[in-house]
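Residue numbers (our numbering), protein chains in the order written: chain A, 1 to 465; chain B, 1 to 465.
These aren't lab readings, by the way, just hints derived from the structure by calculation. Don't take each hint at face value.
[To be verified] DMTMM-like, lysine to aspartate or glutamate: derived pairs with alpha carbons at most 25 Å apart:
id: 1; chain 1: B; residue 1: K450; chain 2: A; residue 2: E369
id: 2; chain 1: B; residue 1: K449; chain 2: A; residue 2: E12
id: 3; chain 1: A; residue 1: K192; chain 2: B; residue 2: D245
id: 4; chain 1: B; residue 1: K459; chain 2: A; residue 2: E27
id: 5; chain 1: A; residue 1: K434; chain 2: B; residue 2: D332
id: 6; chain 1: A; residue 1: K162; chain 2: A; residue 2: D203
id: 7; chain 1: A; residue 1: K459; chain 2: B; residue 2: D245
id: 8; chain 1: B; residue 1: K259; chain 2: A; residue 2: D135
id: 9; chain 1: B; residue 1: K459; chain 2: A; residue 2: E354
id: 10; chain 1: B; residue 1: K450; chain 2: A; residue 2: E300
id: 11; chain 1: B; residue 1: K384; chain 2: A; residue 2: E12
id: 12; chain 1: B; residue 1: K110; chain 2: A; residue 2: D135
id: 13; chain 1: A; residue 1: K460; chain 2: B; residue 2: E248
id: 14; chain 1: A; residue 1: K162; chain 2: B; residue 2: E194
id: 15; chain 1: B; residue 1: K192; chain 2: A; residue 2: E351
id: 16; chain 1: A; residue 1: K137; chain 2: B; residue 2: D109
id: 17; chain 1: A; residue 1: K460; chain 2: B; residue 2: E351
id: 18; chain 1: B; residue 1: K38; chain 2: A; residue 2: E462
id: 19; chain 1: A; residue 1: K96; chain 2: B; residue 2: E354
id: 20; chain 1: B; residue 1: K459; chain 2: A; residue 2: E60
id: 21; chain 1: B; residue 1: K434; chain 2: A; residue 2: E194
id: 22; chain 1: B; residue 1: K38; chain 2: B; residue 2: E354
id: 23; chain 1: B; residue 1: K434; chain 2: B; residue 2: E462
id: 24; chain 1: A; residue 1: K384; chain 2: B; residue 2: D109
id: 25; chain 1: B; residue 1: K384; chain 2: A; residue 2: E300
id: 26; chain 1: B; residue 1: K460; chain 2: A; residue 2: E12
id: 27; chain 1: A; residue 1: K460; chain 2: B; residue 2: E13
id: 28; chain 1: B; residue 1: K384; chain 2: B; residue 2: E13
id: 29; chain 1: B; residue 1: K259; chain 2: B; residue 2: E228
id: 30; chain 1: A; residue 1: K173; chain 2: B; residue 2: E354
id: 31; chain 1: B; residue 1: K459; chain 2: A; residue 2: E300
id: 32; chain 1: B; residue 1: K96; chain 2: A; residue 2: D105
id: 33; chain 1: B; residue 1: K449; chain 2: A; residue 2: E354
id: 34; chain 1: B; residue 1: K450; chain 2: A; residue 2: E351
id: 35; chain 1: B; residue 1: K450; chain 2: A; residue 2: E342
2 protein chains.
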Amino acid sequence: MRMRVDFNYMMEEFTGAGRGIAKSALEAKRGAALAAHKAVELKRGKGWLEWMSSPYDQGEVVKEINAMAADIREKNDYFVVLGIGGSALGPSAVQKALNHIHYNDLPGDKRPGPIFYVEDNIDPERMQALLDVIDIKKTVFNVISKSGNTSETMSQFLIVKKLLEDALGADAKDHIICTTSSHSGSLLPIAKKEGYRLLFVPDGVGGRFSELCPVGLLPAAVCGIDIEELLAGAAYMDQLCRVEDMDENPALMSAVMMKIAIEMGRNISVMMPYADSLSLMSDWYAQLWAESLGKLVDNEGREVRTGQTPVKSLGVTDQHSQVQLYTEGPFDKVLTFLKVGEYRTTYTISEGCEDVPSVSFLGGHTMNELIQAERDATEYALLKLGKMSMTITLPEVNAFTVGQLLYYFQMETAYMGEFLNIDAFNQPGVEEGKNATYALLGRPGYEEKKAELDARPPKKDEYII
Amino acid sequence: MRMRVDFNYMMEEFTGAGRGIAKSALEAKRGAALAAHKAVELKRGKGWLEWMSSPYDQGEVVKEINAMAADIREKNDYFVVLGIGGSALGPSAVQKALNHIHYNDLPGDKRPGPIFYVEDNIDPERMQALLDVIDIKKTVFNVISKSGNTSETMSQFLIVKKLLEDALGADAKDHIICTTSSHSGSLLPIAKKEGYRLLFVPDGVGGRFSELCPVGLLPAAVCGIDIEELLAGAAYMDQLCRVEDMDENPALMSAVMMKIAIEMGRNISVMMPYADSLSLMSDWYAQLWAESLGKLVDNEGREVRTGQTPVKSLGVTDQHSQVQLYTEGPFDKVLTFLKVGEYRTTYTISEGCEDVPSVSFLGGHTMNELIQAERDATEYALLKLGKMSMTITLPEVNAFTVGQLLYYFQMETAYMGEFLNIDAFNQPGVEEGKNATYALLGRPGYEEKKAELDARPPKKDEYII
Chain A
1 MRMRVDFNYM MEEFTGAGRG IAKSALEAKR GAALAAHKAV ELKRGKGWLE WMSSPYDQGE
61 VVKEINAMAA DIREKNDYFV VLGIGGSALG PSAVQKALNH IHYNDLPGDK RPGPIFYVED
121 NIDPERMQAL LDVIDIKKTV FNVISKSGNT SETMSQFLIV KKLLEDALGA DAKDHIICTT
181 SSHSGSLLPI AKKEGYRLLF VPDGVGGRFS ELCPVGLLPA AVCGIDIEEL LAGAAYMDQL
241 CRVEDMDENP ALMSAVMMKI AIEMGRNISV MMPYADSLSL MSDWYAQLWA ESLGKLVDNE
301 GREVRTGQTP VKSLGVTDQH SQVQLYTEGP FDKVLTFLKV GEYRTTYTIS EGCEDVPSVS
361 FLGGHTMNEL IQAERDATEY ALLKLGKMSM TITLPEVNAF TVGQLLYYFQ METAYMGEFL
421 NIDAFNQPGV EEGKNATYAL LGRPGYEEKK AELDARPPKK DEYII
Chain B
1 MRMRVDFNYM MEEFTGAGRG IAKSALEAKR GAALAAHKAV ELKRGKGWLE WMSSPYDQGE
61 VVKEINAMAA DIREKNDYFV VLGIGGSALG PSAVQKALNH IHYNDLPGDK RPGPIFYVED
121 NIDPERMQAL LDVIDIKKTV FNVISKSGNT SETMSQFLIV KKLLEDALGA DAKDHIICTT
181 SSHSGSLLPI AKKEGYRLLF VPDGVGGRFS ELCPVGLLPA AVCGIDIEEL LAGAAYMDQL
241 CRVEDMDENP ALMSAVMMKI AIEMGRNISV MMPYADSLSL MSDWYAQLWA ESLGKLVDNE
301 GREVRTGQTP VKSLGVTDQH SQVQLYTEGP FDKVLTFLKV GEYRTTYTIS EGCEDVPSVS
361 FLGGHTMNEL IQAERDATEY ALLKLGKMSM TITLPEVNAF TVGQLLYYFQ METAYMGEFL
421 NIDAFNQPGV EEGKNATYAL LGRPGYEEKK AELDARPPKK DEYII
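Throw the hints in and build the complete structure from the sequences for me.
This is the structure:
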């Protein structure tokens, strides 16, 4: 069950001259591709590439998580992730991909796990809305923050901690599980003091690379997903990516394609799954791609301002929203289709309305045929106007293929970091906002930043309508 | 309760030289702005600008819709929109903005209307999933297609029609309401023959401009939203937009800002609401902006390939996903924040964890303070790196301010169409894909297109990994 990457329509021989990648341009990248592969392999499992070990070294962790998940399922009706960024996007994407599309709306006996929410914002209306629909006495909250300093998550945690303690007293501790660093940060000492169950994020696994570690594995397991299969899929993709020849290594070739596309002025990367189940994969990818590659300086500290902007799209839905722009608009984007070989359901369109041929012709076809035809047609319409696209095909959507897909994108991102000569694993641009937030909230230690903010030139009324 | 548009941080005097809009550049647009305003006013209420009458001429329609909505609420537990593009995005966005964030999860006595789904894809898994969680005998389906030729919607319709007839016999007709053209298309004769209730889409109202006509008004009314207030908000914004002076007309000034930004190479427009309730406004905006402005040719038929790519974002959530790129990455985008003055709930973060100051400092603040501080901080972090942003403030999120916001974006889009000298109201680029789909499905009359598709050069195996 191998996923495939098809980059035919990235090539000039299909798109037309000047609008795609010349074979010579591809060949010219061979040296850089080899170097990038070597650089990544040298760092394998070390530093911020510790996530490359995730498919292999979690046998015991998986057992622990599955046992914990079974216990949670038995005793609770709700499971709520408190996390933001990778701590939320990965769990959401995998749940959407591998469980029923209306999972929460299923009756309990048809649901493989508790009702599941991922809370990744601090909107007060959303906090209240969550509390309106859950019974906290029957809820486990999974607080996910490696550092324990994530303001959004820790705010939610403080609220939930108090509510649980008021409602359950000493039993409150059974309703919180912390996923955090094993040896540092603010959440660990709290968890130890309070007696919360703990899972650990390995040191060299950053938030956006954490779906295949306990951050993602616990929520998936709780909802009945086969996490061993997820990891097996990742391991399978990892094996494919050990090959240094870009013609054989799907993630490396994809990175090469995107690098050339960026050089050609394609500053936008549209991810367009043709399956509702994969819709949140685009959100997960958007973080990975944006936060890893959007960088002010290169490895030598020179100002480079790199980054390609990811755009989340959904087929066929966005054919009636975005495709007009994608086809007729500027040559500024690459589309990546996520295609599904076989959907898990076949649904036949009923016959009817025989006196209205523009409607009745649909009857007898399956929805499966229709969605596939529309994807093919969209790919063709783009090509006709000279637009580049790639197609990633999952033979079917299951834990094994989703594991491949996640790991493939992580590898592509690592290779791209090498091509751009940047640090793909930090996020320095987020610090300024964090510090300014602390200053605005009057946190001790941020007085200087507060003074800086207070010294901002005032906004002008003439520029407000 | 007037929404405000703040464009201070679009201006060079704040962003720094070369990174924002010079006052002289703004002044230089005054003539074009006057001309665009005049052009739009000349077309007011006519042709494809018939939507400019929507705030004023629907008194009787509103009464009819409110009566229909009351009847639906009384007799049913579920209300399902079958539609795609504007027929889905508008109803979804308004529902999310104005009802409980977990509306469907509320018990019946706390919900102002039936459980609500919007089905805007033809994924067979999603179709099955919907049918798994609704009781069609207690469901009204609102089939929305002006032409009645929308394959996706009509496929869903055929399926639902058969299921209802099998389950309810002659009563099936009471479970389908069609929103379509009053005098043409494929759905009208079907509805008349079957005896379905009907609502009409005015001739000059295209899908993406249809939220304030029956397309959007019925779903909103069914879910208990005050549609008269929505229209009153639109009318209020319309009055503001009658002023020809760009300094007083928020939509006109916004279009001027965006036009200059595009000329400066900002080919991306990020819409970033700081409120979960407004999250789907970004999706609605994305269609409006992309489909209206992404055009191959101008009004004289010259190839221009215009269009700015809309990106959906969400604060604070995407601070942990996209903001790294927005701050440190290329100068290729404009951010528009949607700010909320007062949220409809105040939630105080509980005190606790006093021995961990990096956590305990949050206690006692409200989530409201935190989300506002984070927005301000993000705006500031962007500015510090020379990135342009606008801020639209809704004093609060209610039907009146949401009506303003919808109408404001529609007006901005109309003005931008004038600046770009394109037809903002057609979507020719979607036709190629539609025709290719028909050909691939073997529909009679599309044999020539089928031959064209069959003559495509085959994809090469060497470009598939």
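Quick rundown of the hints versus the structure:
1. Of the pairs offered as hints, the one joining K450(B) and E369(A) holds, with about 15 Å between alpha carbons and a cut-off of 25 Å not exceeded.
2. About 23 Å separates the Cα atoms of K449(B) and E12(A), which keeps this hinted pair within 25 Å; it holds.
3. Distance restraint check for K192(A) and D245(B): the Cα-Cα separation of roughly 63 Å exceeds the 25 Å cut-off, and the hinted pair is therefore not satisfied.
4. Taken as a hint, the K459(B) and E27(A) pair is honoured in the structure, with Cα atoms around 19 Å apart against an allowance of 25 Å.
5. Between the alpha carbons of K434(A) and D332(B) the distance comes to roughly 23 Å, so the proposed pair stays at or under 25 Å and holds.
6. With a CA separation close to 30 Å, the supplied pair K162(A) and D203(A) exceeds the 25 Å bound.
7. Among the hinted pairs, K459(A) with D245(B) is consistent with the structure: their alpha-carbon atoms are about 21 Å apart, no more than 25 Å.
8. The suggested pairing of K259(B) with D135(A) is violated, with an alpha-carbon distance near 50 Å, which exceeds 25 Å.
9. Of the pairs offered as hints, the one joining K459(B) and E354(A) is violated, with about 38 Å between alpha carbons and a cut-off of 25 Å exceeded.
10. Restraint check for K450(B) and E300(A): the C-alpha separation of about 54 Å exceeds 25 Å, so the hint is violated.
11. Pair hint K384(B) plus E12(A) does not hold up; C-alpha atoms about 40 Å apart against a cutoff of 25 Å.
12. For a cut-off of 25 Å, the pair hint linking K110(B) to D135(A) stands: about 16 Å separates their Cα positions.
13. At most 25 Å may separate the alpha-carbon atoms for a hinted pair to count; K460(A) and E248(B) meet this at roughly 15 Å.
14. Only pairs whose Cα atoms come within 25 Å are accepted, and K162(A) paired with E194(B) is rejected, the gap being roughly 57 Å.
15. Between K192(B) and E351(A), the direct Cα distance comes to roughly 19 Å. Compliance with the 25 Å bound is thereby established for this hinted pair.
16. Between K137(A) and D109(B) the alpha-carbon distance is near 22 Å, which keeps this suggested pair within the 25 Å criterion.
17. With a C-alpha separation of about 38 Å, the suggested pairing of K460(A) with E351(B) is violated against the 25 Å cut-off.
18. Restraint check for K38(B) and E462(A): the C-alpha separation of about 23 Å stays at or below 25 Å, so the hint holds.
19. The hinted pair formed by K96(A) and E354(B) fails the criterion: a straight-line CA distance of about 38 Å is larger than 25 Å.
20. Annotation: proposed proximity of K459(B) to E60(A) is violated, straight-line Cα distance about 45 Å (limit 25 Å).
21. As the CA atoms of K434(B) and E194(A) are separated by approximately 60 Å, the hinted pair breaks the 25 Å bound.
22. As the CA atoms of K38(B) and E354(B) are separated by approximately 62 Å, the hinted pair breaks the 25 Å bound.
23. At most 25 Å may separate the alpha-carbon atoms for a hinted pair to count; K434(B) and E462(B) exceed this at roughly 30 Å.
24. Between K384(A) and D109(B), the direct Cα distance comes to roughly 54 Å. Violation of the 25 Å bound is thereby established for this hinted pair.
25. Straight-line distance between C-alpha atoms of K384(B) and E300(A) comes to about 22 Å, which keeps the hinted pair within the 25 Å bound.
26. Note on K460(B) and E12(A): the hinted pairing holds, with a Cα-Cα distance of about 13 Å set against a maximum of 25 Å.
27. Pair hint K460(A) plus E13(B) holds up; C-alpha atoms about 11 Å apart against a cutoff of 25 Å.
28. At roughly 12 Å between alpha-carbon atoms, K384(B) and E13(B) fall within 25 Å of each other, so this suggested pair holds.
29. Our distance criterion of 25 Å between C-alpha atoms is broken by K259(B) and E228(B), whose separation comes to about 33 Å.
30. As the CA atoms of K173(A) and E354(B) are separated by approximately 18 Å, the hinted pair is consistent with the 25 Å bound.
31. For the proposed pair K459(B) and E300(A), the alpha carbon gap of about 41 Å is over 25 Å, so the pair is violated.
32. For the hint linking K96(B) to D105(A), the alpha-carbon distance of about 18 Å falls within 25 Å, and the restraint holds.
33. For the hint linking K449(B) to E354(A), the alpha-carbon distance of about 24 Å falls within 25 Å, and the restraint holds.
34. As the CA atoms of K450(B) and E351(A) are separated by approximately 23 Å, the hinted pair is consistent with the 25 Å bound.
35. Proximity of K450(B) to E342(A) is assessed by CA-CA distance (about 24 Å); at most 25 Å being required, the pair is judged to hold.
Hint compliance for this structure: hints 3, 6, 8, 9, 10, 11, 14, 17, 19, 20, 21, 22, 23, 24, 29 and 31 are broken, all remaining hints hold.
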